[in-house]
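Asks: Residue strings, one per chain:
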Amino acid sequence: MIPSILQQVAANDQSAMDECLNRYGGLVWALVKRRCPLQADAEDVVQEVFMDIWKNAHRYDPSIAEESTFIAMITRRRLIDRSRRQQRLVDTAPLTEVPEPASDDLPNVEVNDEAARIREIMQQLSDDERRVIELAIDRGMSQSQIAEHIKMSLGTVKSHARRGMLRLRSLVGVAKPVKGGDL
Amino acid sequence: MMAESSNFDRLLKLMGEQALFGLDQGEQHELTELAAKHPNVQADEMDVLAAEIELSALPATQLKLPDHLQQQIRLAMPSGDFTRSVVEPTHTSQRDWMRHAASWGGWVTAALILIAFMGPSFKNRPQVTQLTPNEARAQLLATVDDSLRVDWTVTDAEAARSPAGDVVWSNTAQEGYMRFTGLAANDPRQSQYQLWIFDSQQDERYPIDGGVFDIPPGADEVIVPIAAKLDVARPYMFAITIEKPGGVVVSSRERLPLLAQVEL
Numbered sequence: 041m042i043p044s045i046l047q048q049v050a051a052n053d054q055s056a057m058d059e060c061l062n063r064y065g066g067l068v069w070a071l072v073k074r075r076c077p078l079q080a081d082a083e084d085v086v087q088e089v090f091m092d093i094w095k096n097a098h099r100y101d102p103s104i105a106e107e108s109t110f111i112a113m114i115t116r117r118r119l120i121d122r123s124r125r126q127q128r129l130v131d132t133a134p135l136t137e138v139p140e141p142a143s144d145d146l147p148n149v150e151v152n153d154e155a156a157r158i159r160e161i162m163q164q165l166s167d168d169e170r171r172v173i174e175l176a177i178d179r180g181m182s183q184s185q186i187a188e189h190i191k192m193s194l195g196t197v198k199s200h201a202r203r204g205m206l207r208l209r210s211l212v213g214v215a216k217p218v219k220g221g222d223l
Numbered sequence: 006m007m008a009e010s011s012n013f014d015r016l017l018k019l020m021g022e023q024a025l026f027g028l029d030q031g032e033q034h035e036l037t038e039l040a041a042k043h044p045n046v047q048a049d050e051m052d053v054l055a056a057e058i059e060l061s062a063l064p065a066t067q068l069k070l071p072d073h074l075q076q077q078i079r080l081a082m083p084s085g086d087f088t089r090s091v092v093e094p095t096h097t098s099q100r101d102w103m104r105h106a107a108s109w110g111g112w113v114t115a116a117l118i119l120i121a122f123m124g125p126s127f128k129n130r131p132q133v134t135q136l137t138p139n140e141a142r143a144q145l146l147a148t149v150d151d152s153l154r155v156d157w158t159v160t161d162a163e164a165a166r167s168p169a170g171d172v173v174w175s176n177t178a179q180e181g182y183m184r185f186t187g188l189a190a191n192d193p194r195q196s197q198y199q200l201w202i203f204d205s206q207q208d209e210r211y212p213i214d215g216g217v218f219d220i221p222p223g224a225d226e227v228i229v230p231i232a233a234k235l236d237v238a239r240p241y242m243f244a245i246t247i248e249k250p251g252g253v254v255v256s257s258r259e260r261l262p263l264l265a266q267v268e269l
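So the protein sequences, as listed, match chains G and E.
Each number in the numbering used here corresponds to the 1-based position in the first sequence with 40 added.
Each number in the numbering used here corresponds to the 1-based position in the second sequence with 5 added.
Think of the hints as simulated: they come from the structure by calculation, not from any bench.
These numbers come from a predicted model, not from an experiment.
Just so it is clear, CB atoms sit at the ideal spot from N, CA and C, and this is done for glycine as well.
Keep in mind that the hints are not guaranteed to be accurate.
For each label pair, taking beta carbons as the anchor points, the in silico distance ranges come out as [claimed, not checked]: (1) E:189 - G:210: 45 to 53 angstroms; (2) E:210 - G:126: 23 to 31 angstroms; (3) E:159 - G:211: 50 to 58 angstroms.
Interface residues of chain G toward chain E, partial, derived using beta-carbon atoms under 8 angstroms [unchecked claim]: (4) 57; (5) 65; (6) 71; (7) 73; (8) 103; (9) 105; (10) 120; (11) 121; (12) 124; (13) 126; (14) 173; (15) 176; (16) 183.
Use the sequences and the hints to build the structure in full.
Replies: Here it is as structure tokens:
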């Protein structure tokens, strides 16, 4: 069986990181650009993500997750971490410096079968649950930003997020875990 | 029984929050503890779901990573074995640095030399006001009134054979630097150093994570910027532990080579 790219990276194959960059550079860039409109910020994050990928490649297990899912998970964690740091900074900054959330117009996308499946499953959530989850994932909004955006109390937003994720977990069956996900 | 059910509910709640919004340090610790009590649950199940949902929203035609960024990442990436640190080492002699780099061969050498000349950032953008960690440390000491400086004390002679150095921190600037000489080089695929800041405003069981870092082989002196995950109010001790790659949320403190105690 041919080892996956991430397994090759973990095995110190010198060409594997190059191949990883070729294959997943566009994916990471796309994910990062959704949250980081400033080019310089986005470039910083992408470099950090690839360092995280290099450090954590040995945790990837191809029997339980797609490589792209593992890569997206690492990227999301880096982006969430960055967003929480920024949020702490803007808590003490003038309100005018708080970044505006992205436009309401979500990208017009084509999705593959697996991706379409998860979006289909999301249709079984209540409108509020789905909306809160989409704002968190598609826009990278914090709970308080979502509360303000959709004019709900913070407690209600937390409740919709929690219930929505529990229902999703239940509807999908227990999602396949990525080994060693405590990155 | 009821407590167990309550713990499980709390675990799922934290997993959901981690996937959508991230967790603070205390919550991460709680999640780790609860997940250990429920081995049938993978703590990142919901992260996987969130990643799949996000993937589903990407255009079929992906963006292309800009060529210059791709090149920068290639230069910054390590070769097959450990040859690069995520921190920028500072060297007492530029000539020594060049000689050391020259022994590594190939494109990694070229990258390292390039990095040495470009400063701490690999980014292709103006560096006019970018200070090296050494310069930034000196500036902090010279210009910030409340900056403190404490020498490291060795607690594990194996990891730190003839160590020296200090930690500099300013509460008002929320900025600080660690300086090391003689601290053993680490392989970041095996382990990394992690800084912990003990703050009198925090529970001592949960010191503030000051960031993970590496010590590259052959460096004369390494200066590492402190990356505190929370605001530091009144630090009374800085501690370096050796942890798994990426660091940990809560350290077992089994391997703790250096401490720096602040006189309050």
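Asks: Against each hint, give a clear statement of whether it holds in the structure.
Replies: Hints versus structure:
Between residue 189 of chain E and residue 210 of chain G the Cβ separation comes to about 49 angstroms, which falls inside the hinted range of 45 to 53 angstroms. In this structure, residue 210 of chain E and residue 126 of chain G meet the distance hint of 23 to 31 angstroms, their C-beta atoms being roughly 28 angstroms apart. One distance hint, 50 to 58 angstroms for the beta-carbon pair residue 159 of chain E and residue 211 of chain G, holds here, with the actual separation near 55 angstroms. Interface restraint check: residue 57 of chain G against chain E, minimum CB-CB distance 5 angstroms, threshold 8 angstroms, status holds.
At its closest, the beta carbon of residue 65 of chain G sits 4 angstroms from a beta carbon of chain E; the interface hint therefore holds under the 8 angstroms criterion. Annotation: interface hint on residue 71 of chain G holds; nearest CB of chain E at approximately 7 angstroms, less than 8 angstroms. Taken as an interface hint, residue 73 of chain G checks out: its beta carbon lies about 6 angstroms from the nearest beta carbon of chain E, inside 8 angstroms. Interface hint at residue 103 of chain G: violated, since its Cβ lies 14 angstroms from the closest Cβ of chain E, which is beyond the 8 angstroms cut-off.
With 8 angstroms as the threshold, the beta carbon of residue 105 of chain G comes within range of chain E, its nearest partner Cβ sitting at about 6 angstroms, so the hint holds. A least Cβ separation of about 4 angstroms between residue 120 of chain G and chain E falls short of the 8 angstroms threshold, and the interface hint therefore holds. For residue 121 of chain G, the shortest C-beta to C-beta distance to chain E is roughly 6 angstroms, which falls under 8 angstroms, so the interface hint holds. With its C-beta approaching chain E no nearer than about 5 angstroms, residue 124 of chain G sits inside the 8 angstroms limit, and its interface hint holds.
Proximity of residue 126 of chain G to chain E is violated relative to the hint, the smallest CB-CB distance being about 12 angstroms (cut-off 8 angstroms). Nearest Cβ of chain E to the Cβ of residue 173 of chain G: about 7 angstroms, under the 8 angstroms cut. The hint holds. Nearest Cβ of chain E to the Cβ of residue 176 of chain G: about 4 angstroms, under the 8 angstroms cut. The hint holds. Annotation: residue 183 of chain G was flagged as interfacial toward chain E, and the flag holds, the nearest CB pair being 6 angstroms apart, inside 8 angstroms.
Violated hints, listed in ascending order, are 8, 13; each of the other numbered hints is respected by the structure.
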